[in-house]
Amino acid sequence: MSQRIPVTELAADFRSRATTALADDQLRTNFRTAMDSLIKKRADAFPDEQEREGLRELGNRIKARALSRLPDLLEQLEAKLTENGVTVHWAETVEQANRIVHGIIEARNGRQVVKGKSMVSEEMEMNDYLARRDIECLESDMGEYIVQLDGEKPSHIIMPAIHKNARQVSRLFSEKLDEPATDDVNELIQTGRRTLRRKFMEADVGVSGVNFAIAETGTLLLVENEGNGRMSTTVPPVHIAVTGIEKVVQNLRDVVPLLSLLTRSALGQPITTYVNLISGPRKPEELDGPEEVHLVLLDNGRSGAFADAQMRQTLNCIRCGACMNHCPVYTRVGGHTYGEVYPGPIGKIITPHMAGLNQVPDHPGASSLCGACGEVCPVKIPIPQLLQRLRQENVRNPAEPQVVKGGGSKYSRTERMIWQGWQLLNTRPALYGLFLRAATRLRRLTPKNAGPWTRNHSAPVPARRSLHELADAHLRQRGDQ
Amino acid sequence: MTARSNILGKLRNSLAGTTPRPDEFDEQLVTRPWQYPPAARVERLRSLMEAVHTEVHQVSATDWPALVADLLNRRNLSNLLCAPATDHGKALQHYWQTTGQRSQLLAYDRPIEQWKTALFENVEASITGTIGGIAATGSLVLWPDRHEPRLMSLVPPVHIALLKASEIHDNLYDLMTAQRWAAGLPTNALLVSGPSKTADIEQVLAYGAHGPKELIVVILDQA
Amino acid sequence: MNELFYDAAPNATRVAPDRPKPRQYPDKPAEVVLFGTCVVDLFFPEAGMDAIRLLEWEGIRVHFPREQSCCGQPAWTSGYRDQAKAVARAQLEVLDRSGFPVVVPSGSCAGMLRHHYRELFADEPDTLARVNALAERTFELTEFLLRVCKVRLADQGQPRRVALHTSCSARREMDTHLHARELLGQLDNVERVDHDHESECCGFGGTFSVRMPEVSGAMVMDKTRALMDSGAVEMVTADGGCLLNINGSLEKQQQAFRGRHLASFLWERVNTRARKGAV
Numbered sequence: 001m002s003q004r005i006p007v008t009e010l011a012a013d014f015r016s017r018a019t020t021a022l023a024d025d026q027l028r029t030n031f032r033t034a035m036d037s038l039i040k041k042r043a044d045a046f047p048d049e050q051e052r053e054g055l056r057e058l059g060n061r062i063k064a065r066a067l068s069r070l071p072d073l074l075e076q077l078e079a080k081l082t083e084n085g086v087t088v089h090w091a092e093t094v095e096q097a098n099r100i101v102h103g104i105i106e107a108r109n110g111r112q113v114v115k116g117k118s119m120v121s122e123e124m125e126m127n128d129y130l131a132r133r134d135i136e137c138l139e140s141d142m143g144e145y146i147v148q149l150d151g152e153k154p155s156h157i158i159m160p161a162i163h164k165n166a167r168q169v170s171r172l173f174s175e176k177l178d179e180p181a182t183d184d185v186n187e188l189i190q191t192g193r194r195t196l197r198r199k200f201m202e203a204d205v206g207v208s209g210v211n212f213a214i215a216e217t218g219t220l221l222l223v224e225n226e227g228n229g230r231m232s233t234t235v236p237p238v239h240i241a242v243t244g245i246e247k248v249v250q251n252l253r254d255v256v257p258l259l260s261l262l263t264r265s266a267l268g269q270p271i272t273t274y275v276n277l278i279s280g281p282r283k284p285e286e287l288d289g290p291e292e293v294h295l296v297l298l299d300n301g302r303s304g305a306f307a308d309a310q311m312r313q314t315l316n317c318i319r320c321g322a323c324m325n326h327c328p329v330y331t332r333v334g335g336h337t338y339g340e341v342y343p344g345p346i347g348k349i350i351t352p353h354m355a356g357l358n359q360v361p362d363h364p365g366a367s368s369l370c371g372a373c374g375e376v377c378p379v380k381i382p383i384p385q386l387l388q389r390l391r392q393e394n395v396r397n398p399a400e401p402q403v404v405k406g407g408g409s410k411y412s413r414t415e416r417m418i419w420q421g422w423q424l425l426n427t428r429p430a431l432y433g434l435f436l437r438a439a440t441r442l443r444r445l446t447p448k449n450a451g452p453w454t455r456n457h458s459a460p461v462p463a464r465r466s467l468h469e470l471a472d473a474h475l476r477q478r479g480d481q
Numbered sequence: 001m002t003a004r005s006n007i008l009g010k011l012r013n014s015l016a017g018t019t020p021r022p023d024e025f026d027e028q029l030v031t032r033p034w035q036y037p038p039a040a041r042v043e044r045l046r047s048l049m050e051a052v053h054t055e056v057h058q059v060s061a062t063d064w065p066a067l068v069a070d071l072l073n074r075r076n077l078s079n080l081l082c083a084p085a086t087d088h089g090k091a092l093q094h095y096w097q098t099t100g101q102r103s104q105l106l107a108y109d110r111p112i113e114q115w116k117t118a119l120f121e122n123v124e125a126s127i128t129g130t131i132g133g134i135a136a137t138g139s140l141v142l143w144p145d146r147h148e149p150r151l152m153s154l155v156p157p158v159h160i161a162l163l164k165a166s167e168i169h170d171n172l173y174d175l176m177t178a179q180r181w182a183a184g185l186p187t188n189a190l191l192v193s194g195p196s197k198t199a200d201i202e203q204v205l206a207y208g209a210h211g212p213k214e215l216i217v218v219i220l221d222q223a
Numbered sequence: 001m002n003e004l005f006y007d008a009a010p011n012a013t014r015v016a017p018d019r020p021k022p023r024q025y026p027d028k029p030a031e032v033v034l035f036g037t038c039v040v041d042l043f044f045p046e047a048g049m050d051a052i053r054l055l056e057w058e059g060i061r062v063h064f065p066r067e068q069s070c071c072g073q074p075a076w077t078s079g080y081r082d083q084a085k086a087v088a089r090a091q092l093e094v095l096d097r098s099g100f101p102v103v104v105p106s107g108s109c110a111g112m113l114r115h116h117y118r119e120l121f122a123d124e125p126d127t128l129a130r131v132n133a134l135a136e137r138t139f140e141l142t143e144f145l146l147r148v149c150k151v152r153l154a155d156q157g158q159p160r161r162v163a164l165h166t167s168c169s170a171r172r173e174m175d176t177h178l179h180a181r182e183l184l185g186q187l188d189n190v191e192r193v194d195h196d197h198e199s200e201c202c203g204f205g206g207t208f209s210v211r212m213p214e215v216s217g218a219m220v221m222d223k224t225r226a227l228m229d230s231g232a233v234e235m236v237t238a239d240g241g242c243l244l245n246i247n248g249s250l251e252k253q254q255q256a257f258r259g260r261h262l263a264s265f266l267w268e269r270v271n272t273r274a275r276k277g278a279v
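Residue numbers (my numbering), protein chains in the order written: chain A, 1 to 481; chain B, 1 to 223; chain C, 1 to 279.
Hints were generated in silico from the structure; no laboratory data involved. Glycine included, every Cβ here is placed at the ideal spot set by N, Cα and C. Misleading hints may appear alongside valid ones.
To be verified - Distance condition first, Cα-Cα at most 27 Å in a straight line; then the derived BS3-like pairs of lysine-lysine:
(1) B:Lys10 with A:Lys80
(2) B:Lys164 with B:Lys213
(3) B:Lys116 with B:Lys90
(4) A:Lys283 with B:Lys116
(5) B:Lys10 with A:Lys405
(6) A:Lys41 with B:Lys213
As the list claims (entries may be wrong) - From the structure, some residues in chain C lie toward chain B, with a derived Cβ separation under 8 Å:
(7) Ala9
(8) Thr13
(9) Gly157
(10) Gln158
Model the full structure from these sequences, guided by the hints.
See the structure below:
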């Protein structure tokens, strides 16, 4: 039990979940090892700094261009896809999206759904929604499959089961699938393969996400290494793709740099094993492929982020996960601590728009603003800047109109007054001088217990004399002051 | 319709008074670092693909059926899914007939619904053509069609792909441009860069996740 | 910045600012202002004094305006923009009075002056011009010594192995992550050793350390362990915040290992008298 951390069920707030995760040595080893390896892979994949930076800049401009004409591109995408025979649906909320998906499945009397990896379907909690309506929705990405089998949520957007080691997976497989225990990863994967191949054959509907939706050609581009994405989008007679409205790019050529940025940033691979470009359902003369292809475009708070020019940059995200791989906070607490679909730095800046800041009040503050995330982001999202901005939104007076949904959730009159006092101290030199004198002269009175600081540190005892005093004396000696 | 107009309305409202950003696409950034002398393309593709467990062979454009027969025999495979109507399908059939091969050539000649179980359970290997390769990333490009449907390169545990050396492009951008992809794509286009794999358990790389366990690339030199 | 080139509308879609060009450094000035920073002021005043001594050693006349206090960063990173702005404005007034280059013995405070003041005053075009001018003449101590003074340090000390901790601000905002290395490299008898996960944050993050003590504590624990395991006898850093965090943690753990401000370390190495504690 100590090995398994369904932290989401254990505690309601970030700090309590973090405390649980931090105490779990196995979990911390699993994350640290995996993140170190991913950091190295990314570094090795970008040996030339000039090339990397040029590409990041291009990626940033491609996404900015797409966002600057987002409504037009969405309409163009819809028109092109429709022309290609794909049905396009729009959903403002996850509830609407789920209803659309359910409707499509019902129309085919579908009972079994097989799913390729899709973070948007996680946002929708599609599996649960369909299960409540007697439709089995099975994850087919190995990591997602493992997580689903254990009744958990993904802890990483690219590596959903990264919090588990092989022994933990083995125990799970022998418990749930009645397989002999083995620590051999190859054998574990072959178990997954056997089980899921049958499911691909039987499934009535395949669900997938989308990495890039290309307006110019009406194409859905999906990347993957396993082949489950191709299976899910090709074998069942119906394919439903679900995606966020920010995934659209203008031109086909735009995906060339984005694809390179995505696979190298995420996994350090020059390219994934499969890049799957879907531009339509099976044509009459073709022998396989789905008869129906649907695209569900989901808003779920994205248009709220879009409304503010600074926070709009959040929507540049291509979901590579590099920000979490490089995050010292994520590395230590793992994905479940965030308690939401998107963990890590990107989760901290996007979840407030989806769930509301009041649902994740600790998210913006759970960062030392070290800047590692912004440094590696392939589309140059200024993540630290956005975290800082969300902190401002978080302490806004709730009585004022809010820019972010659920803003003002950390508003505290007391804290505001403390900062006002701090302001006074730091804008009145005489007062500041008096403070320095008092703090240095009364240094022996520094409390041994200074709240959260002294949990990790000795008491912050000031020096005998402040720099103000020492410098003054020094400069006086020099005859200056 | 209301969701659609609400979403578009909100987005338009947020962009009020702004102009769309210009297209600053710089093709140099995606081409210049990825250029190779023609002679080096094969080597680059081969080394990248081999690094991800792909078996790569290079033979003359006429000798390849013998190699394919040998590949099957060495693996003790009893059948091979191929497209009889294509040039390479014809060549293969001819070779099989003249040499009396033990393994059976199968054709994907019915809609998937009519033989799904057989495809998943009985077919041991497949052979398809490609419409090109990419040296920069070590990738094959496939445009499945009625002769070589999408699942041919996915379901059988062994996938053999024929690639003409002359059709290896430097990078994806060059290939897309040369083949005029933006003017129209097939219902499904694929880049394949190795056998199926996963690193989802402890980051340990395991091959044969859901797709082919083996990818064999046969590079054809000019006849 | 450059987005204004295409679209002056405030709701225009933003692109990332252009990559900063390598900083052009001026000739060594005759006079500078030392912006001491509040952490150094209260907890590490000797580091501030050693910075003054190093600069004077270089023949520079150092001013220390009494009206200076904090750069405003704690409020800024806590989301209290108005309060941060008021404090920033006060510092701007003080630092504008002389117009001398400003030397800061802390990467994060230098980053605040050089980068975040621009964000704070983005809505005040008149002030922004002064803020930009201040940014142009603000230097982190290590870059000032190395690139502006072009110091050549003559090591007077005994052989010593040290670990260097570079603050995230120096690394990612000020682009001065190699400067302290280079300065240490000039010292013949000093061996700099790398520590595990060297580029990782020490966990300070200003008020982060008290808002998220669990996570911050785990980070500083890992950092101090890595430093102690590096084989160094002490740690040096050019950032007061990291020093406060790392030393406070080491003392709490009752370890003998300590960190020291780079200014103090350098001054001690080049000036034998410094070891006796006086100039």
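**Prompt:** Which numbered hints are broken by the structure, listed smallest first?
**Reply:** 9, 10
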